[in-house]
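Peer 1: Residues per chain are reported as follows:
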Amino acid sequence: MKIKILLAPAIIVITIVLCIWMVYPAYTDGVNGVKEKYQKLKEQTRLSDNLDKQIGNVGKLSASLKANTSRNSVVFGYIPQDKEEEKIIESLNLLAKDSGLSVLNISVFEMKNEVDPNLNIATPAVAPALSGATSDAFTQPIAATIVTPRKIKTDLVVLGDYGGVKVLVEKIQKMNRFNKFSALEIRTLLKEDQTVSESLSVKMTLEFNYLKELDKLAEQDIDNPIFSTGAFDMQVIDNISKNKSIEVKNVLPGQKGTANPFLMIK
Amino acid sequence: MVNINLVTDGKDREGIGSGISSLAILLLLVLGVYAFLVFYGKSLDKKINNLKLEYSNKRGSLIEGDSKKILDFENRLFLSKKLLLEERDIKQDIEKIEGLIVSGAYLNSYSYDEATKAITLDCYGDNYEIIAKQILSFKSSDYFLSVLAGETKFDAKSNRISFPVVLTIK
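For the protein sequence lines, the chains are A and B, in the order given. Under my numbering, the final residue of the first sequence carries the number 1294; numbering is consecutive throughout. Under my numbering, the final residue of the second sequence carries the number 172; numbering is consecutive throughout.
Next comes chain B alone, as it looks inside the complex (with noise of 0.2 Å):
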């Protein structure tokens, strides 16, 4: 008969007891960083809330102080650049065509539409060479981006040839 003690000797009882002691401590430390984590979230919160609530009230003081005035101010200058912008020379054009009326056509009438940047011509020439040089003179001006003729009348009245021109401006 073979004896076999099954009774640990009082080493192993320390160790096994030490290591339960230390993962003990381990437990303890993961509650203690989870309630850390915890209470710490809490006071973000409560600083946030008091952030957001101060943020809020100086937003409504700017909203009822000065700002109006700065800010209609602001938006008259940010509308003046634009528009001085938009504001064409129409005095330019017409001193441009009248520099390119060739010797025996006049106009009978000038509009200019801004919504398509042209201008309607109605010339009067004496015969076809004076109509076909006047087109050719508002062609060979660069200042327009295209120079369409129209139909020709013959004006018993004035013994003259009509003839539309529509300039469109660059």
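Extracted from the complex, chain A is given alone in its bound form (with noise of 0.2 Å):
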């Protein structure tokens, strides 16, 4: 009878520290517990299903590629995948030369890449809806990638009349490649008898470009916004068109092979 007595106190110590000590944490305790698991199963399952939405948008992106490849080699022309210098010279030459311009110097320089700040691919800081193979990765804040062109310096010396040196420009501006004007240097020239001559000497310094293909992603390109949206904003291809309409010339290799390479072929 006693131990009956003592039996029911007993359950309930024994009821409560269980629930204390072991039922409650089992259900939360902050960071392993059901509750918290559950959580964590929601957010996978979310990732998992913005995946699923990615991928579908990587096939349509991929198929909007195919589809409009002329119209997309515009951005290409505009910022080519490699230097292509020679097309910078052949180019400029002509251009000055339809301007009625004389050529006296075409360098072109590869410049030193600097990481430019303001170039920084729109990714989210913290992408809590995209990032993360893991399930602690969402609360991880992305590096963004950062993508910068290569820049080529290319200076232009000609010699001509001021009306030649506006056309000029303004044909170098229409030109379909990126290209800047760093410096614009115009001078006049004397004649023998130190009168002012009709002619202007006349350097441009001019920056293009270039940005090679990506070699290969890294983890965190998968959580560019593009694979989110799942369409390219193609507005500035008629910019582009709109305003840049002159063609920067495709060189013709001509006649190659001598048997003395020190002496000119004719």
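Among the hints, a few may not be true.
[Stated by the list, open to error] Far from chain B, some chain A residues (derived; all Cβ distances over 12 Å):
1. LYS1125
2. LEU1132
3. LEU1242
4. PRO1281
5. THR1286
[Said to hold, decoys possible] For each label pair, taking beta carbons as the anchor points, the in silico distance ranges come out as:
6. LYS84(B) - TYR1190(A): 30 to 38 Å
7. THR1257(A) - LYS84(B): 14 to 22 Å
8. SER1273(A) - ASN161(B): 40 to 48 Å
9. LEU87(B) - GLN1283(A): 41 to 49 Å
10. LEU87(B) - ALA1259(A): 30 to 38 Å
11. LYS1194(A) - LEU86(B): 35 to 43 Å
12. TYR130(B) - ARG1099(A): 54 to 62 Å
13. LYS1032(A) - ALA37(B): 57 to 65 Å
14. LEU1132(A) - ILE171(B): 40 to 48 Å
15. GLU88(B) - LYS1194(A): 43 to 51 Å
16. GLN1283(A) - THR170(B): 45 to 53 Å
17. TYR130(B) - LEU1132(A): 49 to 57 Å
18. ILE1031(A) - SER45(B): 22 to 30 Å
19. LEU87(B) - LEU1093(A): 18 to 26 Å
Hints are computed from structural coordinates only; laboratory data are not their basis. C-beta: ideal position from N, C-alpha, C; glycine also.
Now that you have both chains on their own, put them together as the hints suggest.
Peer 2: Shown next, in the form of structure tokens:
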């Protein structure tokens, strides 16, 4: 009878202790309880769903690229994949000639690559919806991919009249490859009798660029917003086509091979 | 002598017995809940791990596929948008200057620097009145942020006065 009387409070105490020390922590301990695991499962399911959507978008985007090859070439012309300095030289030479100017010098140099902080590809600082191969990764900030084109500095020195210089400047600006005037110097020339000549000496420092094709994707590249949106913003292609109508000339290789490379082939 | 009967009757014994049974059921229930939580937790772990593995494999396949070409094109579109805005109309600068030159003045040199967005002009004028008019002409244009005139020099060869002007473009 005495044991029976003690058993009741003992069971109550054991039940309370079990609830506090075992059952409740098994439900939630802030890290690894069932409640937290359920949240993790929900998050992981959401990540998987987003990834499925991204995979679907890759298919759509890939089809769009294949369907619009000629239109897309405008962008590859504006920022080429290779240096193509021979095309720069050929185009500037032809444009100067067409403008009635004499070319004194065309020099092309590749500039040291600087990381432009403004050229970060728009990746969210924290991408909860898309990132994370691990369950904890969705709280990790993602390093934005930085894409920086290589710059090519080109010096062009020409002689000619003022009208021709203006025409050349306009034509260079209308070239369908990106170019920017870093500097422009126009000077008058003196004739033998020390009077001012109509001919001007012009030195243009131009910046061209190119962007190598991506070697391979980095892990964080998958989180680029393009894979979530599933559509390219093609507006810029229309803007390039509208404002940049002068095509960069292809260079024809001409005759090759000689018995003596120290003698000019005529 | 008073008799005290300490023996409980059958009803009390039954009451205690049923109370203990209820408590025992409660204890078993708590143990049952605990066992359920443990097993459910393990099941969740398994599901999470499977999803992670699947996620990781899918990500891997995404990196290997056409994504490279897509991202390369997207990068070019993004850069093109930015670079188009960077291009300045240099011909417009020249034409602005052209329209602001006063009679009796002319340019000896024109120098534009993209880094400072400044045009440095080396001008010549017949006399100081023309120099003053020329500076005023540049200042009257809202195309420039600032107009800075420099030191004037008399050029004996041309019998004219040279004066530098630095124009900062807005």
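Peer 1: Since LEU1242(A) was said not to touch the interface, does its Cβ keep a gap of more than 12 Å from each Cβ of chain B?
Peer 2: Incorrect as stated: the minimum Cβ-Cβ distance to chain B is 5 Å, not above 12 Å.
Peer 1: Should the hint that LEU87(B) and ALA1259(A) are 30 to 38 Å apart at their CB atoms be regarded as holding?
Peer 2: violated (22 Å)
Peer 1: Tell me if the beta carbons of LYS1194(A) and LEU86(B) are separated by a distance inside 35 to 43 Å.
Peer 2: violated (22 Å)
Peer 1: Against the range 30 to 38 Å, how does the distance between the Cβ atoms of LYS84(B) and TYR1190(A) compare: consistent or not?
Peer 2: holds (33 Å)
Peer 1: Between THR1257(A) and LYS84(B), does the C-beta distance stay in 14 to 22 Å?
Peer 2: holds (18 Å)
Peer 1: A range of 49 to 57 Å was offered for this pair. Does it hold for the Cβ distance of TYR130(B) and LEU1132(A)?
Peer 2: Check failed, 37 Å falls outside 49 to 57 Å.
Peer 1: Classify the label on LYS1125(A) as holds or violated, using whether its beta-carbon is more than 12 Å from each beta-carbon of chain B.
Peer 2: Label holds. Min Cβ-Cβ 19 Å, cutoff 12 Å.
Peer 1: So does GLN1283(A) sit 45 to 53 Å from THR170(B), Cβ to Cβ?
Peer 2: holds (52 Å)
Peer 1: If you check the beta carbons of ILE1031(A) and SER45(B), does the distance land in 22 to 30 Å?
Peer 2: violated (40 Å)
Peer 1: Kindly confirm whether 54 to 62 Å is satisfied by the beta carbon distance between TYR130(B) and ARG1099(A).
Peer 2: holds (59 Å)
Peer 1: Is the Cβ of THR1286(A) farther than 12 Å from every Cβ of chain B?
Peer 2: Holds: least Cβ distance 40 Å, greater than 12 Å.
Peer 1: Taking 43 to 51 Å as the hint, is the beta-carbon distance of GLU88(B) and LYS1194(A) inside that range?
Peer 2: Violated: the Cβ-Cβ distance is about 22 Å, outside 43 to 51 Å.
Consistency with the previously given hints fails for numbers 3, 10, 11, 13, 14, 15, 17 and 18, ordered from lowest to highest.
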